[in-house]
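Mind assembling these two chains? They're in different frames, but the hints should get you there.
Each protein sequence line maps, in turn, to chains A and B.
Using UniProt numbering, read the first sequence as starting at 1 and increasing by one per residue.
Using UniProt numbering, read the second sequence as starting at 1 and increasing by one per residue.
No wet-lab data here; the hints were simulated from the structure.
Where is the CB? At the ideal position from N, CA and C, for every residue including glycine.
Only true hints are included.
Output of the computed footprint for chain A on chain B, the stretches with three or more beta carbons under 8 Å from beta carbons of chain A: (1) 53–65; (2) 90–96; (3) 142–150.
The primary structure of each chain is shown beneath.
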Amino acid sequence: MSQEIAVIGSPEFTTGFRLAGVRKFENITPEEKSDELDDAVRSVARDQEVGIVVMHAEDLDYLSREPRSIVDTSVEPTFVTVGGDAGSSGLREQIKRAIGIDLMEED
Amino acid sequence: MAKDVKPTRKNLMAIEDRIELSERGHDTLEQKRDGLIMEFMDILDEAQDVRSNLESDYDTAQKKINMARAMEGDVAVRGAAAALKEHPEITTESNNIMGVVVPQIESSKVKKSLGERGYGVLGTSARIDEAAEAYEELLESIILAAEVETAMKKMLTEIETTKRRVNALEFKLLPELKENQEFIEQKLEEQEREEIFRMKKIKDKKEAEEDELEAEAEREREAVSAD
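One chain only, chain B, in its complex shape (with noise of 0.2 Å):
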């Protein structure tokens, strides 16, 4: 609030100085915005095409297992599942993309040969072994959309914080610190108008009085003159 400051000479200048410190951090925080939103647009792109991807991975899959469900019965299916010995693992490395750190992620064991799966080629049929290496691929997809979706979420979020930070400058900060500027600079002008009105008031005042002075002291050379 402007009545909240003294109309003081020293805080007009601290408050210039806020003014012009927010109005860079403005334009700063405004070029970083436009920036994420520009970096971010590539990645929706990409995230897009790894999402259809996905889905067509999953139906592919879907078709796979059911295909085995259905010869091979679903105790068949759920026991090679149970069986399984290697396990695929994720591994995460970071990345920096306009200071925002995006996920890379890393995976190893997903795609495994027949031998390494750990359940008996006996028992099992080419169906599961299809059905199996359908859902790898799609492991594969989920690893990379997990990648872009987080980096997508991760810029998003930073995306809305200088967002916020961008408008809470122009809407709030910098409106009330130019409110305040104004208030002072009027306040000072008022009071240097009333220190002029003041020094003209005790000029007259004065010139009044020397005036009153000199007349009182022509009457009295007139006076003498007169004796």
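So here's chain A without its partners, still in its complex pose (with noise of 0.2 Å):
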């Protein structure tokens, strides 16, 4: 089954996206991040035609706990992050928990 591509933010970071032909993204005014973004991540996790969420990094911080550790633990989809020193902070803590070691620790 082929999937698509879905991307969540603002309006200014969705539309180079968009202009790359992702037609399911999730509009969010800075204003109304911290009301809407934990709702615009869990229907489009819900939503079986999406592959790939890409969000930026720095929208993490407005997650609530619930779909902040669906950010970092989906794969189906997987949530990608750009931009922002965070891009793999989840993955970072879950190498840290499997590993025991900070694998991804920066020179």
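Written as structure tokens, this is what we have:
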């Protein structure tokens, strides 16, 4: 089954991806982020047609605990964050827990 | 708990069998965990390269779209974005790494020619085309990152599970089984010592009785000979 890419974020963030053809998107203005970002993540995560979800790393700070754990651990769909240093912070924590060492430590 | 097992020879044999099986399982799981960690290390190197490419592609795309916005205006960029007809699609196939099923993502219609994009060539400028192209490249990096990071997440989950199983065997099940084995062995030895002591007592008693009978027979013989 073919799936699509979805993007969640501010209109400035999503426009570029829409220019590349992404049609599933959730526009959330910076003022609405703390209220609506959680629901947007939940609804995109439930969508069977979405295989990859793109978010800005800074937006993760607006998420409450449960949607944040969806972003960090979900495999279908996979959440990919771009921008900011927090690129793979969830993954980094998981590596520390599973292997016991911080393998992503910057030199 | 050691007190819960019946100290019988049959139980001891069953526990010895379980210890052997658990030790074999523990060794196998340890090897699986080490193998998974080695495979994970290879993926981690790849993931770090993919991640750095992704971030540089994102920066480039940001610069291009900001330029397009500045030159053409936000409305024109949004208008072009809304006109897109072809949509990128992904299909997932699976790959097996040491029993862990990891995805292999194939994409189509990510990179498009100018004609395929759907917005009019006359109404837009080269800045918008450049931004669209940069975002198409970014999407390709994102798809690659998604593939590698999903594989990492799945492998980490498997490593965690295997590690937990190894620890449960090493620090919970095996010590308990060994404690039970020791308890039964001690009890059986105690029973054996009691049995030997009892037999000795019976033997001593029997010998004393025989000595008494012999002494009595001797006395009787002496009495007869005296008469």
